[in-house]
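Listed here are the chains, written in short residue letters.
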Amino acid sequence: AQSVTQLDSHVSVSEGTPVLLRCNYSSSYSPSLFWYVQHPNKGLQLLLKYTSAATLVKGINGFEAEFKKSETSFHLTKPSAHMSDAAEYFCVVSVEGSFKTIFGAGTRLFVKA
Amino acid sequence: NAGVTQTPKFQVLKTGQSMTLQCAQDMNHEYMSWYRQDPGMGLRLIHYSVGAGITDQGEVPNGYNVSRSTTEDFPLRLLSAAPSQTSVYFCASSGYRGGTDTQYFGPGTRLTVL
Numbered sequence: 001a002q003s004v005t006q007l008d009s010h011v012s013v014s015e016g017t018p019v020l021l022r023c024n025y026s027s028s029y030s031p032s033l034f035w036y037v038q039h040p041n042k043g044l045q046l047l048l049k050y051t052s053a054a055t056l057v058k059g060i061n062g063f064e065a066e067f068k069k070s071e072t073s074f075h076l077t078k079p080s081a082h083m084s085d086a087a088e089y090f091c092v093v094s095v096e097g098s099f100k101t102i103f104g105a106g107t108r109l110f111v112k113a
Numbered sequence: 001n002a003g004v005t006q007t008p009k010f011q012v013l014k015t016g017q018s019m020t021l022q023c024a025q026d027m028n029h030e031y032m033s034w035y036r037q038d039p040g041m042g043l044r045l046i047h048y049s050v051g052a053g054i055t056d057q058g059e060v061p062n063g064y065n066v067s068r069s070t071t072e073d074f075p076l077r078l079l080s081a082a083p084s085q086t087s088v089y090f091c092a093s094s095g096y097r098g099g100t101d102t103q104y105f106g107p108g109t110r111l112t113v114l
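Respectively, the protein sequence lines represent chains P and Z.
Heads up, the first sequence is in the working numbering, so the first residue is 1 and it goes up one at a time.
Heads up, the second sequence is in the working numbering, so the first residue is 1 and it goes up one at a time.
To be clear, the hints were calculated from the coordinates, so they are not data collected in a lab.
Source: prediction; values computed, not measured.
The beta carbon of each residue, even a glycine, is placed where N, CA and C say it ideally should be.
Be aware that a few hints might be false.
The calculated lysine to aspartate or glutamate pairs, modelled on DMTMM-like cross-linking and capped at a C-alpha distance of 25 Å, are [stated by the list, open to error]:
#1 K100/P <-> D38/Z
#2 K58/P <-> E88/P
#3 K42/P <-> D101/Z
#4 K100/P <-> D73/Z
#5 K49/P <-> E88/P
#6 K69/P <-> D101/Z
#7 K100/P <-> D101/Z
#8 K42/P <-> E30/Z
#9 K100/P <-> E72/Z
#10 K9/Z <-> E88/P
Example chain Z residues on the side facing chain P (calculated, C-beta under 8 Å, incomplete) [stated by the list, open to error]:
#11 G40
#12 M41
#13 V50
#14 G58
#15 T100
#16 G106
In isolation and in its complexed conformation, chain P is listed as follows:
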């Protein structure tokens, strides 16, 4: 069975400082992993995805994530936060051949000026 845990419900950073949003997953098979972003009162947009190619995945807006099988983690990072990064971020796991995706509970990112 698959599951995903986002370790922080809220993260607050200052503009220009690094961002780290943590995600651990559980999957019996090789997973596909995604990060989606949701700005207030908007739908969700894909940031990046891992599908068994390179373990370091680069996404939009300067975000990247590293797949670490030994730690069952897929943490999202960005070197320097921008005010426009303030949003909710979801880590998602799916398995090849499965039509079901499992969302984490979400991490709300606050960016202080």
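Using the hints, position chain Z against chain P.
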């Protein structure tokens, strides 16, 4: 391309009323799904479809019905609304690999059941 569209944007129902949330996509995607979003719980899968005429249950299907008569449309029906169905509903679509492909989300429908 309009992508994934949902109507209505907002809806208020009384307990026991029925209604249909509409979802359409113009990307010729085979896979479509409905989620509900509740605070602190992420998105939970209600129903999904892997093509016209084929639907299946997700994590929280009770109280909802779906059908898929065309590739483009995937309506969600609430048969007898309950306050527990107050939520934000998102429709999504993706290519043939279903959950392992990028999902494209609609803007959501905010439903309140009194």
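Verification of the supplied hints:
no.	hint	result
1	K100/P <-> D38/Z	holds, 18 Å
2	K58/P <-> E88/P	holds, 19 Å
3	K42/P <-> D101/Z	holds, 21 Å
4	K100/P <-> D73/Z	holds, 19 Å
5	K49/P <-> E88/P	holds, 17 Å
6	K69/P <-> D101/Z	holds, 20 Å
7	K100/P <-> D101/Z	holds, 11 Å
8	K42/P <-> E30/Z	holds, 24 Å
9	K100/P <-> E72/Z	holds, 20 Å
10	K9/Z <-> E88/P	holds, 20 Å
11	G40	holds, 6 Å
12	M41	holds, 6 Å
13	V50	holds, 6 Å
14	G58	holds, 6 Å
15	T100	holds, 4 Å
16	G106	holds, 6 Å
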